[in-house]
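Listed below, chain by chain, are the residues.
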Amino acid sequence: MAALINVPPKAKRGDVIEIKTLMSHIMEPGYRRTAEGSILPRDIITSFTCRYNGAEIFRADLFPAISANPFFSFFTVAKESGKLEFEWIGDNGFSATASASITVE
Amino acid sequence: MDKQPTTRRDFLGLAGGAAVAGAVPIVTLRPLDATPAMLSGAIRNVVGEAPIRNGKVKLDIPPLVENGNTVPMTVSVASPMTAEDHVKSIHVFNEKNPQPNIGNFHLGPSSGRAQIATRIRLADSQKVVAIARLSDDSFWSASADVIVTLAACTEEVN
Numbered sequence: 517m518a519a520l521i522n523v524p525p526k527a528k529r530g531d532v533i534e535i536k537t538l539m540s541h542i543m544e545p546g547y548r549r550t551a552e553g554s555i556l557p558r559d560i561i562t563s564f565t566c567r568y569n570g571a572e573i574f575r576a577d578l579f580p581a582i583s584a585n586p587f588f589s590f591f592t593v594a595k596e597s598g599k600l601e602f603e604w605i606g607d608n609g610f611s612a613t614a615s616a617s618i619t620v621e
Numbered sequence: 040m041d042k043q044p045t046t047r048r049d050f051l052g053l054a055g056g057a058a059v060a061g062a063v064p065i066v067t068l069r070p071l072d073a074t075p076a077m078l079s080g081a082i083r084n085v086v087g088e089a090p091i092r093n094g095k096v097k098l099d100i101p102p103l104v105e106n107g108n109t110v111p112m113t114v115s116v117a118s119p120m121t122a123e124d125h126v127k128s129i130h131v132f133n134e135k136n137p138q139p140n141i142g143n144f145h146l147g148p149s150s151g152r153a154q155i156a157t158r159i160r161l162a163d164s165q166k167v168v169a170i171a172r173l174s175d176d177s178f179w180s181a182s183a184d185v186i187v188t189l190a191a192c193t194e195e196v197n
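Chains as they are written, first to last, in our numbering: chain E, 517 to 621; chain Y, 40 to 197.
Okay, chain Y solo, but in the shape it has when bound:
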């Protein structure tokens, strides 16, 4: 999504407007990124009204990455992966990319082990959330904070 820099003119216009309107504090202009509200919206789309509990899920992602274009990520869930008790799906979300979704991964008892790995893009330093849906339709989650030095997704193409 557009990450247009605030021009001097826009800023002065806003500041002037604020001064006219009274002592309104200058609000930081947020770029059109996924906000925590979009993150929770995307999570609710998957989970619905069901409670999400912490635990069972392990999210392995480096805490500090230089290049946000390829961040290795592994999600594993403590589960016996039997027909009665297995992981149905793993959903991964982010907080500040243009879109809150990263990927949905569908597994089953034939997976044997509830673990997936891939490489993701992160447009900013942010929180990554992994949620697992178990066969009894309970949801478990884990999150991790990642600091990104070089952002992905929104850079200019040379």
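Bound-form chain E, shown alone:
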């Protein structure tokens, strides 16, 4: 699964930094019909979590009203150097992870 992560590689201690993520996913809402009239079953990501050195800093519950290829932008305080981990969980056993490192001076 293709994930796009945008985390500043370096930050000053105490700075508020923006994190942007995008995960490729169809986010089939479960309400669309084919030309034959059958309903396409729902297939969405239901949960997104971001952890900073193990501690959860952002979590989102997703509904069908989130667009395909879910994009999120959120903020955190740069406290210490380390790793940001991202996790997406969804219907039909969908699971994807990504990570990024940050150096805090």
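What the hints contain is simulated information worked out from the structure, not anything from laboratory work. It should be emphasised that the depicted structure is a prediction, and the values quoted were computed from it without experimental measurement. It is possible that part of the hints are untrue.
Claimed, not checked - Anything over 12 Å on all C-beta distances counts as not near chain E; from chain Y, calculated:
{"hint": "1", "residue": "76"}
{"hint": "2", "residue": "92"}
{"hint": "3", "residue": "98"}
{"hint": "4", "residue": "103"}
{"hint": "5", "residue": "117"}
{"hint": "6", "residue": "175"}
{"hint": "7", "residue": "179"}
{"hint": "8", "residue": "180"}
{"hint": "9", "residue": "184"}
{"hint": "10", "residue": "188"}
Stated by the list, open to error - Using 30 Å as the maximum straight-line C-alpha spacing, the simulated DSBU-like pairs for lysine-lysine come out as follows:
{"hint": "11", "chain 1": "Y", "residue 1": "95", "chain 2": "E", "residue 2": "536"}
{"hint": "12", "chain 1": "Y", "residue 1": "166", "chain 2": "Y", "residue 2": "127"}
{"hint": "13", "chain 1": "E", "residue 1": "536", "chain 2": "E", "residue 2": "526"}
{"hint": "14", "chain 1": "E", "residue 1": "599", "chain 2": "Y", "residue 2": "127"}
{"hint": "15", "chain 1": "E", "residue 1": "536", "chain 2": "Y", "residue 2": "97"}
{"hint": "16", "chain 1": "E", "residue 1": "526", "chain 2": "E", "residue 2": "599"}
{"hint": "17", "chain 1": "E", "residue 1": "528", "chain 2": "Y", "residue 2": "127"}
{"hint": "18", "chain 1": "Y", "residue 1": "127", "chain 2": "Y", "residue 2": "95"}
{"hint": "19", "chain 1": "E", "residue 1": "528", "chain 2": "E", "residue 2": "599"}
{"hint": "20", "chain 1": "Y", "residue 1": "97", "chain 2": "E", "residue 2": "595"}
{"hint": "21", "chain 1": "E", "residue 1": "536", "chain 2": "Y", "residue 2": "166"}
{"hint": "22", "chain 1": "Y", "residue 1": "95", "chain 2": "E", "residue 2": "528"}
{"hint": "23", "chain 1": "E", "residue 1": "595", "chain 2": "Y", "residue 2": "127"}
{"hint": "24", "chain 1": "Y", "residue 1": "127", "chain 2": "Y", "residue 2": "97"}
{"hint": "25", "chain 1": "Y", "residue 1": "95", "chain 2": "Y", "residue 2": "166"}
{"hint": "26", "chain 1": "Y", "residue 1": "127", "chain 2": "E", "residue 2": "536"}
{"hint": "27", "chain 1": "Y", "residue 1": "97", "chain 2": "Y", "residue 2": "166"}
{"hint": "28", "chain 1": "E", "residue 1": "595", "chain 2": "E", "residue 2": "536"}
{"hint": "29", "chain 1": "E", "residue 1": "526", "chain 2": "E", "residue 2": "595"}
{"hint": "30", "chain 1": "Y", "residue 1": "127", "chain 2": "E", "residue 2": "526"}
{"hint": "31", "chain 1": "E", "residue 1": "595", "chain 2": "E", "residue 2": "528"}
{"hint": "32", "chain 1": "E", "residue 1": "536", "chain 2": "E", "residue 2": "599"}
{"hint": "33", "chain 1": "Y", "residue 1": "97", "chain 2": "E", "residue 2": "528"}
{"hint": "34", "chain 1": "Y", "residue 1": "95", "chain 2": "E", "residue 2": "595"}
Note that beta-carbon positions come from the ideal geometry of N, C-alpha and C, so glycine has one too.
Dock chain Y against the given chain E, drawing on the hints supplied.
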């Protein structure tokens, strides 16, 4: 949810029935979309009986969008984001999609800034509501009306 067009037969049947029943005005058939009642129900599920006040929350969404499949949306809340006074969560709802919920976003003092952005789907021109829960468990809200030219969610797949 089904957005089946009223067929001519259904319509005539209803109109005939109404005529038989007396001078009953013809009621517009509402498609099975989230109604304002579902919207307030979904909001009450999150808020409970607590009062919701206007203010603090800023909902940035274009007033006119061509494509309801990707509507950029930013929600920010005026908050110092300290351990004593911060935003716990932001909840976004809509009025006329098949489901009233759009997303729940959980933040904390480590967020530094109470602001989130994402892209949403809107199935019709409608009101979008953002509600923030603060650390003192008070609720603040903002809403915006969006006009959508091309609807999302319920279209036919080619």
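Structure-based check of all given hints:
1. Residue placement check: residue 76 of chain Y keeps its beta carbon more than 12 Å from all beta carbons of chain E (closest about 18 Å).
2. Non-interface status of residue 92 of chain Y relative to chain E is upheld: no Cβ of that chain comes within 12 Å, the nearest being about 23 Å off.
3. For residue 98 of chain Y, the shortest C-beta to C-beta distance to chain E comes to about 15 Å, beyond the 12 Å cut-off, and the non-interface label holds.
4. At the 12 Å boundary, the C-beta of residue 103 of chain Y stays outside the reach of chain E, the nearest C-beta of that chain being 18 Å off.
5. Residue placement check: residue 117 of chain Y keeps its beta carbon more than 12 Å from all beta carbons of chain E (closest about 14 Å).
6. Once the 12 Å rule is applied to beta carbons, residue 175 of chain Y is consistent with being away from chain E; the minimum gap is 21 Å.
7. Annotated as non-interface, residue 179 of chain Y keeps its C-beta farther than 12 Å from every C-beta of chain E; the closest such distance is 18 Å.
8. No beta-carbon of chain E is positioned within 12 Å of the beta-carbon of residue 180 of chain Y; the least distance is around 18 Å.
9. Every Cβ of chain E is farther than 12 Å from the Cβ of residue 184 of chain Y; the closest lies at roughly 16 Å, confirming the non-interface assignment.
10. Non-interface status of residue 188 of chain Y relative to chain E is upheld: no Cβ of that chain comes within 12 Å, the nearest being about 16 Å off.
11. Distance hint between residue 95 of chain Y and residue 536 of chain E is fulfilled; the C-alpha atoms sit about 24 Å from each other, no more than 30 Å.
12. This hinted pair checks out: residue 166 of chain Y and residue 127 of chain Y have alpha carbons roughly 23 Å apart, not beyond 30 Å.
13. With a C-alpha separation of about 15 Å, the suggested pairing of residue 536 of chain E with residue 526 of chain E holds against the 30 Å cut-off.
14. Annotation: proposed proximity of residue 599 of chain E to residue 127 of chain Y holds, straight-line Cα distance about 23 Å (limit 30 Å).
15. Proposed proximity of residue 536 of chain E and residue 97 of chain Y is supported: the alpha carbons are some 20 Å apart, at most 30 Å.
16. The hinted pair formed by residue 526 of chain E and residue 599 of chain E meets the criterion: a straight-line CA distance of about 12 Å does not exceed 30 Å.
17. A hinted pair counts as satisfied when its Cα atoms are at most 30 Å apart, and residue 528 of chain E with residue 127 of chain Y qualifies at roughly 25 Å.
18. Between residue 127 of chain Y and residue 95 of chain Y the alpha-carbon distance is near 14 Å, which keeps this suggested pair within the 30 Å criterion.
19. As the CA atoms of residue 528 of chain E and residue 599 of chain E are separated by approximately 15 Å, the hinted pair is consistent with the 30 Å bound.
20. For the suggested pair residue 97 of chain Y and residue 595 of chain E, the alpha carbons sit about 27 Å apart, so the restraint of at most 30 Å is met.
21. For the hint linking residue 536 of chain E to residue 166 of chain Y, the alpha-carbon distance of about 26 Å falls within 30 Å, and the restraint holds.
22. Taking the CA atoms of residue 95 of chain Y and residue 528 of chain E, the gap is near 28 Å; set against the 30 Å cutoff, the hint holds.
23. A C-alpha spacing of about 20 Å is found between residue 595 of chain E and residue 127 of chain Y, which places the hinted pair at or below 30 Å, so the restraint holds.
24. Under the criterion of a C-alpha separation no larger than 30 Å, the hint pairing residue 127 of chain Y with residue 97 of chain Y is consistent with the structure, at around 16 Å.
25. With a C-alpha separation of about 18 Å, the suggested pair residue 95 of chain Y and residue 166 of chain Y falls inside the 30 Å cut-off, and the hint holds.
26. Our distance criterion of 30 Å between C-alpha atoms is met by residue 127 of chain Y and residue 536 of chain E, whose separation comes to about 20 Å.
27. A C-alpha spacing of about 14 Å is found between residue 97 of chain Y and residue 166 of chain Y, which places the hinted pair at or below 30 Å, so the restraint holds.
28. With a C-alpha separation of about 18 Å, the suggested pair residue 595 of chain E and residue 536 of chain E falls inside the 30 Å cut-off, and the hint holds.
29. With a CA separation close to 11 Å, the supplied pair residue 526 of chain E and residue 595 of chain E stays within the 30 Å bound.
30. Of the pairs offered as hints, the one joining residue 127 of chain Y and residue 526 of chain E holds, with about 27 Å between alpha carbons and a cut-off of 30 Å not exceeded.
31. With a C-alpha separation of about 9 Å, the suggested pair residue 595 of chain E and residue 528 of chain E falls inside the 30 Å cut-off, and the hint holds.
32. Taken as a hint, the residue 536 of chain E and residue 599 of chain E pair is honoured in the structure, with Cα atoms around 15 Å apart against an allowance of 30 Å.
33. Our distance criterion of 30 Å between C-alpha atoms is met by residue 97 of chain Y and residue 528 of chain E, whose separation comes to about 28 Å.
34. A distance of roughly 27 Å separates the Cα atoms of residue 95 of chain Y and residue 595 of chain E; the hinted pair therefore holds under the 30 Å criterion.
The structure fails none of the hints (numbered hints given earlier).
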